[in-house]
Amino acid sequence: MTTKTIRAEYLKGLWDENPVLRQLLGLCPTLAVTGTVITGLAMGLATTFVLILSSLVVSSIKKLIPAQVRIATYIVVIASFVTIADQFLKAFFYPISEALGPYVPLIVVNCIILGRQEAFSSRNSIGRSLIDALGMSTGFLLALLVLSSIREILGAGTFLGYQVMGPWFKPWIIMILPAGAFITLGILLGIALKIESKTKRS
Amino acid sequence: MSLSSRMILVLTTVGLISGGFLAGVAKLTKERIALNIQAEIEEAIKIVVDDAEVSTVLYEEEDLVIYREMEDDGQLAGYAIQATGVGFQDKITLMFGLDETLTKITGLTIIDQKETPGLGAKITGWDAFLQFWEDRDATGLLILRKPPVRTPSELLATEINSITAATISSRKVLEIVNLSLEKVRGLIAEGKIPSEEHDDH
Amino acid sequence: MPNSEYMIRSSPHFKDKDSVPKIMYTVIIALLPAVFTSVYYFRLKAVVLYFACLVACLATEAIFLWVRKKPFQSLWDGSAAITALLLAMTLPPDLSLDLAVIGSVVAIAIGKQVFGGLGYNIFNPALVGRAFIQTAFPVAMTTWIPPVTLHVDTATFATPLGNLKFQDAVVQGTLAPLKDLLLGNTGGCLGETSAVALFIGALILLTKKTINWRIPVGIILALSVFTGLFWLVNPNKFATPVFHILAGGLLIGAFFMATDMVTSPITPRGTWIYALGIGLMVGLIRLFGGFAEGVMYSILFMNTIVPLLNRSFRPRILGERRKPQ
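Residue numbers (the numbering used here), protein chains in the order written: chain A, 1 to 202; chain B, 1 to 201; chain C, 1 to 325.
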């Protein structure tokens, strides 16, 4: 594998095939836990952990799995890592785990993860799968960070819990409510499409 | 090997390996998770009952746990009541303290809630809501004060302040407390609490 | 086209004398009585709010026209001005200006321009702006002041509907008198308080046939029947239908907002369902909901099913069978 393909394999997850902004995958956690940066970050990291390890496992045992039971096998692998992540958060980051609620266990059904196993890890080498998983999870994490930063700053006037807006600022409560998640995501998707069409044309 | 036996073999192996892994992880984290939950409850008790050091569960049912709190020297510090009820969005779990005679609320704190951020979630705020719960009368029904007042001294002992734009959430908390107090009074009447005969153990 | 003798053109072939600016300015004129009464009752606060909303709406519209490379003259077609007026009229008089500006920007940007501008929006733009700031700043949006004519000395004041919902006004006997509701001598959003002023505006629109009469009639009918039933069963607990019609934002909503040509159905049957649905929902929210007033959410909700109504109640083509085999 040349350096160039490694770079391309990694970078595609950041923009061209960004799971949230371009593929519109994993929108449930994207909308649900981005009310504050800390929960968005925790969700992004938990998903990163699950995606990377699942991709590693799936790509290393891909030849052994009969095609008929591949989805079942992927799900067992993914669910194991999700449970580990969930237990870990509960044991060492209890408040964050409480704030994320059911959304950590729900990583099992995050389409990004199953989608990458089915579309990539099951037909590529371990190395390439690792790079792909890294790129995809970075893309997911970045999208969650952007979304949660906008929502927390406008919705509470804080960033990671620290006051960033002056006393004149009145928090826009709607931004930390579900409606704010939809509006912000809609605007971000619109901007992403606009940028995409501009770069394609030139 | 036939295809179906290969399928069974692969799925069983993957299942067994992951099961083994999870059992190991669960063993490592179980204790810490239990400690976390325990710590959360103890912290809540300390907020609502002064000088509480040793807790004993006096009574337990779904959505209601009553703790008796002792000071270091074995003196009765008060009682802590953990109650769960329906809020505006989802269940609210709270803890409130009663004095030694079970006639006065000494304080209240919210353990778990999913009320609207910025509105109903103000029930967790000290200035907006919790400060108004100290020294409330626990012998009768508590009433919500609308529109809200600024300081606790403006309230009667039987009144609880409401929250501007979050009246429903504050009323829900009040309903949970009223319901638990009623149960507590029932238990006192039945002689189930305070259970003095166990004191010398 | 090689000098053809015939003019070849696609439909429509009949054209009305009405144009977008003409319709829009008729609506603005119809709004003026209520605008003037609000200035009378709330003085400088009203003037400043109207001004802020107008400037913010027109500026947002201009920026979007520039970015989208659209002709600038549509800035003056009156549609942005109507959005500004309607938004300002549904704001509490004491609202601070920055919130009004945020509402105006959202109304034009998210309510109208992201869909493609006038004619493409799904929701009434003014109500989108209002819904946004209602949810973003719930306390500021439910803090009311008495009109200067009442000479009461309180900082805050409850609207007639707020009194009804949260203070049991019927039981207490403190319900606002109908005379005050007619004249507008009561608390509430800027332009919603005076029923008479709104009726004058409605008359202008109805005689000029700018609005579809079925919409206000349907809304008022459904609300009267719904609240009337409860009032008949227990007049000691529920307010009269007349009170429900005159109080709050029902009239401004029924005459000026639900009737928005872009966001209301085009066929008579669809229109009836739309209007009755709004009236019923207003009744449901006012009597059983968590809010004192429900006109905004009712209209926005029924806006969402307008495309469905338009498709379901398409008029039959001449000669088309009632039930196609």
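Rather than coming from a laboratory, the hints here were simulated on the basis of the structure. Keep in mind that this is a model prediction, so the values were computed, not measured. The reader is advised that the hints may include incorrect statements.
Each computed DSBU-like pair below joins lysine-lysine, with the alpha-carbon atoms no more than 30 Å apart [unchecked claim]: (1) B/91 to A/170; (2) B/146 to B/192; (3) B/122 to B/146; (4) C/165 to B/122; (5) A/200 to B/27; (6) B/146 to A/90; (7) C/70 to B/146; (8) A/90 to B/27; (9) C/45 to A/200; (10) C/165 to B/91; (11) C/69 to B/146; (12) A/194 to C/45.
In silico contact screen, one side only, chain A against chain C (beta carbon under 10 Å); selected entries [unchecked claim]: (13) 155; (14) 157; (15) 173; (16) 190.
A virtual CB, placed ideally from N, CA and C, is assigned to each residue, including glycine.
Evaluated hints:
1. B/91 to A/170: 29 Å, holds
2. B/146 to B/192: 36 Å, violated
3. B/122 to B/146: Distance ~16 Å between residue 122 of chain B and residue 146 of chain B Cα, so the pair holds.
4. C/165 to B/122: 22 Å, holds
5. A/200 to B/27: The hint is violated at about 53 Å.
6. B/146 to A/90: 40 Å, violated
7. C/70 to B/146: 52 Å, violated
8. A/90 to B/27: Roughly 13 Å between the alpha carbons, so the hint for residue 90 of chain A and residue 27 of chain B holds.
9. C/45 to A/200: Not OK: residue 45 of chain C and residue 200 of chain A at ~50 Å, beyond 30 Å, violated.
10. C/165 to B/91: Measuring from Cα to Cα gives roughly 25 Å; hence the hint holds.
11. C/69 to B/146: 53 Å, violated
12. A/194 to C/45: 40 Å, violated
13. 155: 8 Å, holds
14. 157: 12 Å, violated
15. 173: Hint holds; residue 173 of chain A Cβ to chain C Cβ min 5 Å, cut 10 Å.
16. 190: This interface hint holds because 7 Å falls under the 10 Å limit.
When held up to the earlier numbered hints, the structure conflicts with 2, 5, 6, 7, 9, 11, 12, 14 and fits the remainder.
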